[in-house]
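Chains as they are written, first to last, in my numbering: chain A, 1 to 653; chain B, 654 to 1150.
Please note that the accuracy of each hint is not assured.
[Unchecked claim] Using 25 Å as the maximum straight-line C-alpha spacing, the simulated DMTMM-like pairs for lysine to aspartate or glutamate come out as follows: (1) B:763 / A:239; (2) B:904 / A:194; (3) A:271 / B:761; (4) A:532 / A:247; (5) A:452 / A:175; (6) A:271 / B:1134; (7) A:452 / A:194; (8) A:532 / A:175; (9) A:271 / A:175; (10) B:893 / A:239; (11) B:864 / B:954; (12) B:1100 / A:235; (13) B:864 / A:175; (14) B:1100 / B:853; (15) A:590 / A:620; (16) B:763 / A:244; (17) B:763 / A:294; (18) B:904 / A:581; (19) A:532 / A:520; (20) A:271 / B:1139; (21) B:904 / A:630; (22) B:904 / A:519; (23) A:271 / B:1122; (24) A:271 / B:1143; (25) B:756 / B:1103; (26) B:1100 / A:520; (27) B:763 / A:323; (28) B:763 / A:620; (29) B:1100 / A:341; (30) B:756 / A:477; (31) A:317 / A:194; (32) A:452 / A:471; (33) B:791 / B:1134; (34) B:864 / B:977; (35) A:473 / A:239; (36) A:271 / B:1124; (37) B:904 / A:93; (38) B:904 / B:943; (39) B:893 / A:519; (40) B:904 / A:323.
Bear in mind the hints are in silico, worked out from the structure with no lab data behind them.
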Amino acid sequence: MMRAEGCDQDTRSDEPAMGSRQQPVAMIVAAVMLSGTLVAQELPGKAFAVSPPSAEDRAFWSFRPLEIGQPPVVGNADWCRNGVDRFILSRLEQRGLAANDRADRRTLLRRACFSLLGLPPRPGELVAFQNEHSPAAWSDLVDRLLASPRYGERWARHWMDVARFAESGGFEHDDDRPNAYHYRDFLVAAFNGDLPFDRFVRWQLAGDELAPEDPLALMATGFLGAGVFPSQLTEAEFESARYDELDDMVTTTGVAFLGLSIGCARCHDHKYDPIPSRDYYRLVSAFTTAIRGEIATKADWHHADHKVLVTSEGLPKLKHHADGRGFPHFYKQTFFLSRGDVRRKQGEADVGFLQVLISPQAAESRWRRAAPPGWTRTSFRRASLAGWLTDVEQGAGRLVARVIVNRLWHHHFGRGLVETTNDFGRQGERPSHPDLLDWLAGELIRGGWRLKPIHRLLLTSSVYCQDGRVDEKRQQDDLENRLWWHRPRQRLEAEAIRDALLSVSAQLDPTMFGKGSLDEAVTRRSVYLTVKRSRLAPTMMLFDWPEHLVSIGRRAKTTTASQALAFMNSVVGRGYARALETRLALEGEKAFEQAWQLALAREPRADERTMIADFLRRQEQIYRRAGRTDAARTARVDLCQALLGMNEFIYID
Amino acid sequence: MTLTTESDRSAGLLPRRDLLCRAGAGFGVLGLAGLLQSEGLLGREARAAGLGRRALTPLAAQQGHFPARARRVIWIFVNGGPSQVDTWDFKPGLVRRDGLSIKTFDPEFKNTTGFFRNSVGNLMASPFDFAARGECGKPISSIFPHLGSHVDKMAFVHSVYTESNNHSPALFMMNCGIPRMGLPCVGSWITYGLGSSSQDLPAFVVMSDPKGRGLPKGHAANWSAGFLPGVFQGTHLRPKGSPINNLVRPKQMTDLAQRNQLNLLRRLNQAAVSDQPAAGELASRIESFELAYRMQSAAPEALAIEREPGHVQALYGIGDKRCDHFARQCLVARRLVERGVRFVQLYSGGNENQRSWDGHADIQGNHTQFAGETDRPVAGLLADLQQRGLLEETLVVWCGEFGRLPVAQTGKKPGRDHNPHCLTAWMAGGGTRGGCSYGASDDVGFKAAENPVHINDLHATILHLLGIDHEELTYSYNGRDFRLTDIAGEVIHEVIA
């Protein structure tokens, strides 16, 4: 129903009215802030009672401190290349299962190129790798790939899903946010430069406060403001729309960094996780005065100052359609809202954090940061939040570390150690290898939160390098491969499919950074496609691109006839085949050998050679009979198109 | 984003408590999971994709929770907010109070109820005459001469209310169950729940205004799959040019050449399929090319309304300049559901103001025009569905995103402003009780007064008719089991036959 302005007295019987509406909660909050510890105290409104987390809550696996043990001793030590392998093999051996041998070099090269770069190997790369005889050949290759600027583009795109990043506001007008793309550029640069992940987290929440001189830190704050926002608002909607926006910020923060559905606590205490509604509003409070704004700055790759869309405080408000109606953009206070209803305010919420992720000895005040002397533009509430979030010892840092190493595992192996990458709560899956997850999180923290060493650890492990062989015996024991006894085959994501098509047909434009394009015919990498919410790139959507409205940690991978139609009939798809055919300089059998090498990094097998020859003969005949003068060439284009439609092209072993 | 329940690691058992706690798993999935587990097919690997083995054939038909009354839905979305008191909800009280201030009726009335605060006029009787129609004798506005003769097929709900007085949030509310962007819409939920009975057509089809008046507010988010896999989103038939992407083969190719090429592709792909992991996925992709090949002819065939006999075309009003465009879409809708498409949504009108039923200025002219565009086509659709025996299992829904105020919006010609407190929806066919009226608005048609029906209730009822328990159709996403009906929804049994 329509929501009236102002805060009506709450007279519902289930939530007794408070004598003096706002004071009691505020007093309790003050008491908590002063003492630094939580006291169970009855509140007049039960919705926002202070309820300290129980020992059982704290003992839930993802909230516990890291338990970092030594990699276990295993029987087949020869198989193991590093600690990762020992954790995996130990579990396999307990079940009497053997792990697979190493895949061949061609398979490994393709696997690693797609894993790290999202692109197929370049021509010549395979021969070079196969001729490399040093024992360090593989780890050298991994290092080379990690040093490639293509790595940042690949992994930036993964994070864009998590950040529900888009460049328009959604809703009725879906107005463009023309300077939002700098956030994507920040991601590319951050991954390439191996920005420590804890700083990566802090900058996205409060880069404008923590490193206001650093252009990357400013660009990073695009994270908070990337959500949707209505462009058309009636007066009655002003305040609830702002709470929706704050909800988007806090929900995305919770899911992206902590794997927790904090947003569920907006209207009531979380049903499954120890996240009281009270914690929710105190987290929301950190963003009270944060709004989208623009700052001119100059990154390394810029020649001059660029306007960057940031999320900050105290900046001039961006234009909004409802400005004429007096839309305030934000309010100076955040209130506890009974059932999330702006008419039912229950006192002001001051900044606070998730109690279950604060060690019992710690006081919230330890993360409170005041603005440095002379700094008045922002409140430093977000900086405080960022401090708690990345504090491994007393705050939420251990969970942040678990969540990100799991994301890395998920992308490299096709499934996380925790399968629900965005949900580390009770509703989520339990980790298949909790000891390995904690060990990896520990390695991350020990290495200064740098991700590249973790990538290296994963890719140089024997478990990553296994071949895909399966047998009935082991399938009976572990059909789902939860114990990782073989390498699962993976379908490429939308971007990697398109980028591979561009790359193989020699059309890929390697230009980095800067404004993107909505036009799929532009040949830059897919990470540079503009994400406009009402005009999501059609080919990307076909292959399970997210809608970029909410955080997505794992994409669906569907198989549909519409995908096949795109391979068969789309003008762009046909264009790839034509461009590939043009690239084949040689005549006859050599031509399709080259095509196979480019697309699949291998020669055609004998049975394939026969199929190809039969096909070309028949296809030429069909076209000649149809009166075409370029029958041979068209048949070759058709062959290239079929090659690009092969499962092997988009499924990586 | 998983749809499955966690299984006991070793035994593959689902402890009851875990099951309840994690809930997850809509029926189809539990059922499917059970089935596949017994056949030893359900790999964790496949489940990780979010749909389990269904990711390979995500649109395969699924069983509901209980026997369905309706198998498919055609939703006439009366875009812009049709006025209840000028269409289906005759209010003698409004006639009596014509010209009085609404404060005489409701002292609490606020200027912010509508969209414009400075043009709130007095109570205004409908400019249209109402006459009793059908055996039920329901008074119907003169703007629906054809639809009026079908009132005995319609179950009216006069007490629907919504949560926003603004187009796009209200559109999202009506389509997705909450007034925000990002949730799956009804059509997506239904195709996720039931799959499709068509092998070579999209399961969920949307048609928008073909007269260049734009898309409904919020655009494609209205037929978005939200966090459900993209395969469940509505396929928007483009009003101009080729209606579906990539349906026409490259112009260099002949049919024979494409067939030969697909044969090659099939052989190349089959040579590689073995008992390796994901073999099912690979086989499914091979099959998808065959399906695509068939779609190239099936989709144009389904859309070829010119193949209908003249009298059928005339029944819908094809050839009548006023309504030809909508008549064509209604006929396409029938051809689609006839061929197994699960959910078809048609938008009457484009964007806001004079481009849709958004009659801020000149309610009389606006509603005369848009009723004129749709009256004959929708009546023709109902008649045609019935004569083919399709109506029994086809649910037809008629409603917009909100209603309109009983007061005039002042201006050169009086209009009416948005009203979230009350709207009329009707349903026909698919197991509904024709000729009944449920709920009532107050004396002037301002607010739902008797048996108020929330949008969640309306959705629950639609799902129920399709054999789906709205509380069981869930999708687990980021730690929460989402439903179309959020945490509410009561089935309105009174409108079910």
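Here is what the structure says about each hint:
1. B:763 / A:239: holds (17 Å)
2. B:904 / A:194: violated (48 Å)
3. A:271 / B:761: The hint is violated at about 37 Å.
4. A:532 / A:247: holds (21 Å)
5. A:452 / A:175: violated (37 Å)
6. A:271 / B:1134: holds (11 Å)
7. A:452 / A:194: Holds, because 6 Å separates the two Cα atoms, which is no more than 25 Å.
8. A:532 / A:175: It holds: about 9 Å lies between the C-alpha atoms, which stays within 25 Å.
9. A:271 / A:175: Violated - the C-alpha atoms of residue 175 (chain A) and residue 271 (chain A) are around 36 Å apart, more than 25 Å.
10. B:893 / A:239: violated (41 Å)
11. B:864 / B:954: Between residue 864 (chain B) and residue 954 (chain B) the Cα gap is close to 23 Å, so the pair holds against 25 Å.
12. B:1100 / A:235: holds (20 Å)
13. B:864 / A:175: Roughly 24 Å separates the two Cα atoms, so the pair holds.
14. B:1100 / B:853: Not OK: residue 1100 (chain B) and residue 853 (chain B) at ~45 Å, beyond 25 Å, violated.
15. A:590 / A:620: Within the cut-off at roughly 18 Å; holds.
16. B:763 / A:244: Roughly 24 Å separates the two Cα atoms, so the pair holds.
17. B:763 / A:294: violated (37 Å)
18. B:904 / A:581: Roughly 17 Å between the alpha carbons, so the hint for residue 904 (chain B) and residue 581 (chain A) holds.
19. A:532 / A:520: Status holds; Cα separation ~13 Å.
20. A:271 / B:1139: holds (14 Å)
21. B:904 / A:630: Between residue 904 (chain B) and residue 630 (chain A) the Cα gap is close to 14 Å, so the pair holds against 25 Å.
22. B:904 / A:519: holds (22 Å)
23. A:271 / B:1122: Satisfied, since the Cα-Cα distance of roughly 22 Å is no more than 25 Å.
24. A:271 / B:1143: holds (22 Å)
25. B:756 / B:1103: Holds - the C-alpha atoms of residue 1103 (chain B) and residue 756 (chain B) are around 21 Å apart, at most 25 Å.
26. B:1100 / A:520: Status violated; Cα separation ~48 Å.
27. B:763 / A:323: Holds. Residue 763 (chain B) to residue 323 (chain A) sits at ~21 Å (cutoff 25 Å).
28. B:763 / A:620: violated (76 Å)
29. B:1100 / A:341: holds (21 Å)
30. B:756 / A:477: violated (75 Å)
31. A:317 / A:194: violated (33 Å)
32. A:452 / A:471: Violated: residue 452 (chain A) and residue 471 (chain A) sit about 34 Å apart, past 25 Å.
33. B:791 / B:1134: Violated, because 42 Å separates the two Cα atoms, which is more than 25 Å.
34. B:864 / B:977: Distance of about 11 Å is within 25 Å: holds.
35. A:473 / A:239: violated (61 Å)
36. A:271 / B:1124: Status holds; Cα separation ~16 Å.
37. B:904 / A:93: Not satisfied, since the Cα-Cα distance of roughly 58 Å exceeds 25 Å.
38. B:904 / B:943: Since the Cα atoms of residue 904 (chain B) and residue 943 (chain B) sit roughly 20 Å apart, the hinted pair holds (cutoff 25 Å).
39. B:893 / A:519: holds (20 Å)
40. B:904 / A:323: violated (51 Å)
Of the numbered hints stated above, those contradicted by the structure are hints 2, 3, 5, 9, 10, 14, 17, 26, 28, 30, 31, 32, 33, 35, 37 and 40, listed in ascending order.
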